[in-house]
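Participant: Under my numbering, the first residue of the sequence shown carries the number 41, and numbering increases by one thereafter.
Because the hints were derived from the structure by calculation, they are not lab data. In this text, a Cβ means the ideal position worked out from N, Cα and C, and glycines have one as well. Possibly wrong hints are sitting among the right ones.
The calculated SDA-like cross-link candidates involving lysine to any residue, where the alpha carbons are at most 20 Å apart (straight line), are [said to hold, decoys possible]:
no., residue 1, residue 2
1, Lys-124, Ser-112
2, Lys-212, Arg-117
3, Lys-124, Thr-200
4, Lys-211, Thr-222
5, Lys-211, Leu-115
6, Lys-124, Gly-255
7, Lys-211, Leu-139
8, Lys-113, Leu-139
9, Lys-212, Leu-108
10, Lys-211, Arg-223
11, Lys-113, Thr-222
12, Lys-124, Ala-219
13, Lys-113, Gly-156
14, Lys-212, Pro-128
15, Lys-124, Ala-136
16, Lys-211, Leu-192
17, Lys-113, Lys-124
18, Lys-212, Glu-125
19, Lys-124, Thr-114
20, Lys-212, Leu-111
21, Lys-212, Ser-112
22, Lys-212, Leu-192
23, Lys-124, Phe-253
24, Lys-211, Ser-233
25, Lys-212, Thr-222
Across the chosen pairs, the derived CB separations fall in these ranges [claimed, not checked]:
no., residue 1, residue 2, range
26, Thr-220, Gly-72, 49 to 59 Å
27, Glu-107, Trp-50, 14 to 24 Å
28, Leu-158, Lys-211, 21 to 31 Å
29, Ser-208, Trp-50, 28 to 38 Å
30, Asn-121, Tyr-249, 43 to 53 Å
31, Phe-253, Gly-72, 40 to 50 Å
32, Arg-210, Ala-151, 34 to 44 Å
33, Thr-164, Ala-70, 29 to 39 Å
34, Leu-171, Thr-71, 13 to 23 Å
35, Ala-254, Thr-164, 27 to 37 Å
36, Gly-255, Trp-50, 21 to 31 Å
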Amino acid sequence: GGEGEVVRGWVQVVANGAVPTYLAMTYAFATGGGEYLLGVANAFETPLAAAFIGYYGCCCGDTWGSELGVLSKTLPRLIINPAKEVQPGTNGGVTALGLAASGAGGLAVGAAFWAGGLLVPLVTGRWETMLQFAAQWPVLVIGAGAGIIGSLLDSVLGATVQFSGYCSERKKMVSVPGATVTRVSGLNFLSNSAVNFVSAATCALLLYYGTIFAGLPRRF
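From just these sequences and the hints, can you work out the full model?
Facilitator: Below is the structure:
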């Protein structure tokens, strides 16, 4: 999304946590809560796990991109008009540093999922299962991809259906129209939390149906 100051309250927490909580609960009910190798046998665990990684990969990628992108020495460019430079904090403004940070954020989510798959068998003494989980490093790629794609989708939404304007009184970019605000981009249609929700949910759906389309899980 925009690379600038964002207030993260309870609405943001719900927007980022409701869907993955539902996915986690569905996974637990569908599988009995056990640890399964992705893409092997169970008809539920692979799409649900992929959707979970995709959702949080998108959320973490967007957060890292927003928080670290402001450190860029170059001005952001509007994603729907790359020739146009915009001020930091403009919804839909992107930088190379911000995109790299988004990928790193998604990678961190994939790494946490992968490490968890290694640690549970390690603690329970199931060495063979641990080695099998070690081969599931592609979840790192899934996480990084979700971070980048989710951030790009968030930026497109931010540039088109989320308001950005410059407040002459506060001397900064804001996301709410006002008497002292000059519009820069976007319609005043979705809030920041709504944009986060839509982009992350879209990532989750893409990965959920993507794994099914790819024929996973399959028995070996």
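Participant: Each hint needs a verdict: does it hold in this structure or not?
Facilitator: Okay, the hints, checked on the actual structure:
1. With a C-alpha separation of about 16 Å, the suggested pairing of Lys-124 with Ser-112 holds against the 20 Å cut-off.
2. For the hint linking Lys-212 to Arg-117, the alpha-carbon distance of about 17 Å falls within 20 Å, and the restraint holds.
3. Restraint check: the Cα-Cα separation between Lys-124 and Thr-200 comes to about 14 Å, which is no more than 20 Å; the hinted pair holds.
4. About 11 Å separates the Cα atoms of Lys-211 and Thr-222, which keeps this hinted pair within 20 Å; it holds.
5. Distance restraint check for Lys-211 and Leu-115: the Cα-Cα separation of roughly 17 Å lies within the 20 Å cut-off, and the hinted pair is therefore satisfied.
6. Distance restraint check for Lys-124 and Gly-255: the Cα-Cα separation of roughly 42 Å exceeds the 20 Å cut-off, and the hinted pair is therefore not satisfied.
7. Of the supplied pair hints, the one linking Lys-211 and Leu-139 is violated, its CA atoms being roughly 26 Å apart against a limit of 20 Å.
8. For the given pair, Lys-113 sits about 14 Å from Leu-139 by alpha-carbon distance, which is consistent with the 20 Å threshold.
9. For a cut-off of 20 Å, the pair hint linking Lys-212 to Leu-108 stands: about 18 Å separates their Cα positions.
10. Of the pairs offered as hints, the one joining Lys-211 and Arg-223 holds, with about 13 Å between alpha carbons and a cut-off of 20 Å not exceeded.
11. For the proposed pair Lys-113 and Thr-222, the alpha carbon gap of about 25 Å is over 20 Å, so the pair is violated.
12. Pair hint Lys-124 plus Ala-219 does not hold up; C-alpha atoms about 25 Å apart against a cutoff of 20 Å.
13. Restraint check for Lys-113 and Gly-156: the C-alpha separation of about 36 Å exceeds 20 Å, so the hint is violated.
14. Using a Cα cut-off of 20 Å, the hinted pair Lys-212 and Pro-128 holds, with the two alpha carbons roughly 9 Å apart.
15. Taken as a hint, the Lys-124 and Ala-136 pair is honoured in the structure, with Cα atoms around 15 Å apart against an allowance of 20 Å.
16. Straight-line distance between C-alpha atoms of Lys-211 and Leu-192 comes to about 27 Å, which puts the hinted pair past the 20 Å bound.
17. Proximity of Lys-113 to Lys-124 is assessed by CA-CA distance (about 16 Å); at most 20 Å being required, the pair is judged to hold.
18. The hinted pair formed by Lys-212 and Glu-125 meets the criterion: a straight-line CA distance of about 15 Å does not exceed 20 Å.
19. As the CA atoms of Lys-124 and Thr-114 are separated by approximately 12 Å, the hinted pair is consistent with the 20 Å bound.
20. Between Lys-212 and Leu-111, the direct Cα distance comes to roughly 16 Å. Compliance with the 20 Å bound is thereby established for this hinted pair.
21. A distance of roughly 17 Å separates the Cα atoms of Lys-212 and Ser-112; the hinted pair therefore holds under the 20 Å criterion.
22. With a C-alpha separation of about 23 Å, the suggested pair Lys-212 and Leu-192 falls outside the 20 Å cut-off, and the hint is violated.
23. Taking the CA atoms of Lys-124 and Phe-253, the gap is near 38 Å; set against the 20 Å cutoff, the hint is violated.
24. Note on Lys-211 and Ser-233: the hinted pairing is violated, with a Cα-Cα distance of about 23 Å set against a maximum of 20 Å.
25. Restraint check for Lys-212 and Thr-222: satisfied, since their Cα atoms lie roughly 11 Å apart, inside the 20 Å limit.
26. Separated by about 58 Å at the C-beta atoms, Thr-220 and Gly-72 satisfy the suggested range of 49 to 59 Å.
27. At roughly 19 Å, the beta-carbon separation of Glu-107 and Trp-50 lies within the given 14 to 24 Å, and the hint holds.
28. Range check, Leu-158 to Lys-211: Cβ separation about 49 Å, and the 21 to 31 Å hint is violated.
29. Under the hint 28 to 38 Å, the C-beta atoms of Ser-208 and Trp-50, about 31 Å apart, fit the expected range.
30. Look at Asn-121 against Tyr-249: about 31 Å separates their beta carbons, and that is not inside 43 to 53 Å.
31. A hinted range of 40 to 50 Å is violated for the C-beta pair Phe-253 and Gly-72, which are about 26 Å apart.
32. The given range of 34 to 44 Å is respected by Arg-210 and Ala-151, whose C-beta atoms sit roughly 39 Å from each other.
33. At roughly 21 Å, the beta carbons of Thr-164 and Ala-70 sit outside the given window of 29 to 39 Å.
34. A hinted range of 13 to 23 Å holds for the C-beta pair Leu-171 and Thr-71, which are about 21 Å apart.
35. At roughly 30 Å, the beta-carbon separation of Ala-254 and Thr-164 lies within the given 27 to 37 Å, and the hint holds.
36. In this structure the hint that Gly-255 and Trp-50 lie 21 to 31 Å apart at CB is violated, the actual value being about 40 Å.
The structure fails hints 6, 7, 11, 12, 13, 16, 22, 23, 24, 28, 30, 31, 33, 36 (numbered hints given earlier, in ascending order).
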